[in-house]
Amino acid sequence: MSVATPTSPAPRAWLALLRRHETILLLVLVAEWLFFYWAGTSTNRRGVVVGFGTLDRQFDILRHTCEIGLLALALTPVILTAGIDLSVGSLLGLCAIVFGGLWRDVGLSIPLAMALTLTCGAAAGGLNAVLITALRLPPLIVTLGTFSLFRGLAEAITRGAVTYTDFPTGFLALGQERALGLPTQAWVFAFAAVAVWLLVHRTTLGRSFRAIGFSPEGARYAGLPVNRRLAFVYILAGFIAAVAAVIYTARLGQAKADAGLGYELFAITAVVLGGTSIFGGAGSVHGTLLGVAAIAVLKNGLASLPIVIRLNAAEELSGVLTGALLLVALTASVIPRIVSRLRPRPAPPVSVP
Amino acid sequence: MAPPLLELRQLAKSFGGARALRGVDFDLQAGEVHALLGENGAGKSTLIKIVTGAHQPDRGTIRVAGELVDHLTPATAHARGIACIYQQPALFPDLTVMENIALRLEAGAPFARVDWKGRRSRAVELLRRIGAEISPDAEVRSLSMPEQQLVEIACALGAGARIVIMDEPTASLTQKEQHLLFAVVRELRRSGVGVIYISHRLEEIFALADRVTVLRDGETVGTNPIAAINEAALIRMMVGREMTQIYPPSEAAPTEVALELRSLGCAEAGVTDVSFQVRAGEVFGLAGLVGAGRTELARILFGLTPADAGEIRLHGQVIHPRSAVEAVAAGIAYVPEDRRRHGVVLELPIAHNMTLAVQRRLFPRGWLRTEAEQSLALEFIRDLAIKCTGPDAPAGSLSGGNQQKVSLARWLATKPRLLILDEPTQGVDVGAKGEIHRIIRRLARSGLPVLLISSDLPEILGMSDRIGVMRAGRLVGVLPGGSDAHAVMAAALGQEQGAA
Ligand SMILES: Nc1ncnc2c1ncn2[C@@H]1O[C@H](COP(=O)(O)OP(=O)(O)OP(=O)(O)O)[C@@H](O)[C@H]1O
Ligand SMILES: [Mg+2]
Numbered sequence: 001m002s003v004a005t006p007t008s009p010a011p012r013a014w015l016a017l018l019r020r021h022e023t024i025l026l027l028v029l030v031a032e033w034l035f036f037y038w039a040g041t042s043t044n045r046r047g048v049v050v051g052f053g054t055l056d057r058q059f060d061i062l063r064h065t066c067e068i069g070l071l072a073l074a075l076t077p078v079i080l081t082a083g084i085d086l087s088v089g090s091l092l093g094l095c096a097i098v099f100g101g102l103w104r105d106v107g108l109s110i111p112l113a114m115a116l117t118l119t120c121g122a123a124a125g126g127l128n129a130v131l132i133t134a135l136r137l138p139p140l141i142v143t144l145g146t147f148s149l150f151r152g153l154a155e156a157i158t159r160g161a162v163t164y165t166d167f168p169t170g171f172l173a174l175g176q177e178r179a180l181g182l183p184t185q186a187w188v189f190a191f192a193a194v195a196v197w198l199l200v201h202r203t204t205l206g207r208s209f210r211a212i213g214f215s216p217e218g219a220r221y222a223g224l225p226v227n228r229r230l231a232f233v234y235i236l237a238g239f240i241a242a243v244a245a246v247i248y249t250a251r252l253g254q255a256k257a258d259a260g261l262g263y264e265l266f267a268i269t270a271v272v273l274g275g276t277s278i279f280g281g282a283g284s285v286h287g288t289l290l291g292v293a294a295i296a297v298l299k300n301g302l303a304s305l306p307i308v309i310r311l312n313a314a315e316e317l318s319g320v321l322t323g324a325l326l327l328v329a330l331t332a333s334v335i336p337r338i339v340s341r342l343r344p345r346p347a348p349p350v351s352v353p
Numbered sequence: 001m002a003p004p005l006l007e008l009r010q011l012a013k014s015f016g017g018a019r020a021l022r023g024v025d026f027d028l029q030a031g032e033v034h035a036l037l038g039e040n041g042a043g044k045s046t047l048i049k050i051v052t053g054a055h056q057p058d059r060g061t062i063r064v065a066g067e068l069v070d071h072l073t074p075a076t077a078h079a080r081g082i083a084c085i086y087q088q089p090a091l092f093p094d095l096t097v098m099e100n101i102a103l104r105l106e107a108g109a110p111f112a113r114v115d116w117k118g119r120r121s122r123a124v125e126l127l128r129r130i131g132a133e134i135s136p137d138a139e140v141r142s143l144s145m146p147e148q149q150l151v152e153i154a155c156a157l158g159a160g161a162r163i164v165i166m167d168e169p170t171a172s173l174t175q176k177e178q179h180l181l182f183a184v185v186r187e188l189r190r191s192g193v194g195v196i197y198i199s200h201r202l203e204e205i206f207a208l209a210d211r212v213t214v215l216r217d218g219e220t221v222g223t224n225p226i227a228a229i230n231e232a233a234l235i236r237m238m239v240g241r242e243m244t245q246i247y248p249p250s251e252a253a254p255t256e257v258a259l260e261l262r263s264l265g266c267a268e269a270g271v272t273d274v275s276f277q278v279r280a281g282e283v284f285g286l287a288g289l290v291g292a293g294r295t296e297l298a299r300i301l302f303g304l305t306p307a308d309a310g311e312i313r314l315h316g317q318v319i320h321p322r323s324a325v326e327a328v329a330a331g332i333a334y335v336p337e338d339r340r341r342h343g344v345v346l347e348l349p350i351a352h353n354m355t356l357a358v359q360r361r362l363f364p365r366g367w368l369r370t371e372a373e374q375s376l377a378l379e380f381i382r383d384l385a386i387k388c389t390g391p392d393a394p395a396g397s398l399s400g401g402n403q404q405k406v407s408l409a410r411w412l413a414t415k416p417r418l419l420i421l422d423e424p425t426q427g428v429d430v431g432a433k434g435e436i437h438r439i440i441r442r443l444a445r446s447g448l449p450v451l452l453i454s455s456d457l458p459e460i461l462g463m464s465d466r467i468g469v470m471r472a473g474r475l476v477g478v479l480p481g482g483s484d485a486h487a488v489m490a491a492a493l494g495q496e497q498g499a500a
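The listed protein sequences correspond, in order, to chains A and B. Counting in the numbering used here, the first sequence runs from 1 upward without gaps. Counting in the numbering used here, the second sequence runs from 1 upward without gaps.
The shape of chain A in the complex, shown without the other chains (with noise of 0.2 Å):
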């Protein structure tokens, strides 16, 4: 065997994880809690102004969190083979209107219900791969228009007035208590976690993925079944989708029409900011869980800001900084490759006359 020998392994390993995108992202969230921790301000239920750095405000982040990380969850692996998928939020509202449907209309049990709606997040998905692989449609083309059906579909059913409330206090529990500690819902989203991480780290099906997202080519002709990996996929941040709709609904109470609305770009965002290639291939879920913190953090803590209180401008400014923070993120990421190639070459030795 002939392998060559690294020339100076020790300081290039340090480096190559120092430069790593995970480490940066890791960076940049912990500079983040700190400054929202100096600067941050925010009043709890009884009025008195507390810190960013209480625990309650952390659950806080981690609650409102849920539902667009278990979308940037089911958007990974289907952007690491290359794909995107569009309507994981519209899903979520179709979803979350179906479930109030089944429950009070329908008259289902609460578990039942559940059931069905998880059904149809993986139906609607498996839509969406029959489109992409049968038809052999781009798949920015097919969820941009079911992006449209999913949500158009929600607003028919309720006619765009009906808002499903009163849910059960068990059911609620879901979205607004604790369990061992912890928010339930962030159960849910951990349980997930660990789920996809396992799924495109550890497994056949996830390295399928990757090849897919390389080289679709290559991975046919490595004898890959590629149309039942991507309907796979697909599938999957459908299903996804679905719980998403189901703890949205516990958290506020209510299912409505506009549930979800725009979700899918801040986790298209967390996932990208996470390092996943938006060309496919190359990417981790433990970046899309630090892209999703990241992200979570910024829009919580500017909402704790004095200034931004007194504007009353959360929302934009924290549009605005998401925004600014994938430029950053995505530019920090080429800036070692810009670098060496500005590095002076060595002067050339004197020549050989």
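These are calculated hints, taken from the structure and not from any lab test. Note that the structure is a prediction, hence the values are computed from the model and not measured. Warning: the hint list may mix true and false statements.
[What the hints assert, rightly or not] Not everything, but these chain B residues come out facing chain A in the computed CB check (under 7 Å):
#, residue
1, Val325
2, Glu326
3, Val345
4, Leu356
5, Gln359
6, Phe363
Glycine residues also receive a C-beta, built at the ideal position from the N, C-alpha and C atoms.
Could you slot chain B with the ligands onto chain A? The hints should help.
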């Protein structure tokens, strides 16, 4: 005496930990063909990429026509008359030959009027100069690979190239097309152009080159006039030890029929009525010109373009693979022709590439097992002498020949019931080529039927027990293993000869 066209001194280049070049000296005179030779991973392509400005050297000097060049970029290399003909021509498939030539050569202000007459006359003139019979109005898509290479050469000439580099231009050309290319190279030499010619086929180098430089492990071993050296000495310089280039003898004992095709056809692939039998343990060679339908036949067997007529029997069982997945399930392995697009996933590590087709067997429950994967990869890295920094290096960081070995390893790992090899030794150096031939023999001896497609005629003649010759999508003859090159070529070209 005029200074050499190109002079490289003590050129060095590392990629991360891998030292591709350690100190290379090289010079090219006007009007000579200078061959560059070396094992896979010796640094030939890296050297070329530095000369064309794609990579910057860590150390060393480059002189072009005696002038010291400090910082070569693709644009300045082009301006100094350096052109490279790649194995996969980088032309626009949907444009015509004339338009492609124009795109390369015209500086073009954004809204300038197109001078169609000038374009056409220049294209015609350039194509005439290299003796290519290609219509300037042909869409590039409709041209064969060698014709596209000729268009590239025309572009290089049109740009006034003084230094033309060819990195394994013949790896997938058949002999007839090679002769055409050689004629063009000789024409270039006559007109005072310097040609750097890289190939692993020694007979080409002896036929074409004036001088030869051998690289080993990123260093120049030596430069010799071709007249002053023989094949054995060249191989010794390359691999650092004694080695002969002979094919391992066949030991096929005719046994039962393992693969049988009965009037197999597929309109989409342009293959009609192909019938033959391959016995277990037999190497069945498929010869023919480029476009004769050999790769198309392989794609039918592998389910990529399913057959629409006839029947495939594998070990007595009728199979009808409608996708690669089904073909793999039936035990068919196919090492494809185009390694960069189909043979390996360039971005994935070597180890992942090697286990992609055996996931089911290696990881029966779907969980990846790193130790099993690593040990499989290390075994093939050792057996095929793959030059790499380790099993986790991306396949794209390997030299061309080493990528080919990874592609081969992937399918050898599947323990197939039928092995189809499409140009299995393209771009592979002499040492590894011998190793691959020995592996093919060993597999055949264990009872595996092997279908061998190769445009390297000596390889087909030396390795095959029987040779099927294809022309225009049909099988036009089956010749016995010991046949001579003329008989095979005559059949491939459709000349009734010998039989009369
Ligand atoms: N981009 C890269 N990143 C890392 N290593 C590289 C890269 N390009 C080349 N190398 C390494 O440099 C060495 C020389 O490669 P090069 O492609 O020049 O070989 P070659 O002589 O052209 O071989 P072949 O005959 O197989 O084409 C190899 O060990 C290869 O792995
Ligand atoms: Mg090379």
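Comparing the hints with the structure gives:
1. With a least beta-carbon distance of about 5 Å to chain A, the hint placing Val325/B at the interface is held under the 7 Å criterion.
2. The closest approach between the C-beta of Glu326/B and any C-beta of chain A is roughly 9 Å, which is over the 7 Å cut-off, so the hint fails.
3. Taking 7 Å as the C-beta cut-off, the interface hint given for Val345/B holds, the closest approach to chain A being about 4 Å.
4. Because the beta carbon of Leu356/B sits about 4 Å from the nearest beta carbon in chain A, less than 7 Å, this interface hint is met.
5. Among the interface hints, the one on Gln359/B holds; its C-beta lies about 4 Å from the nearest C-beta in chain A, closer than the 7 Å criterion.
6. Checking Phe363/B against chain A by beta carbon gives a least distance of about 5 Å; that is within 7 Å, so the hint holds.
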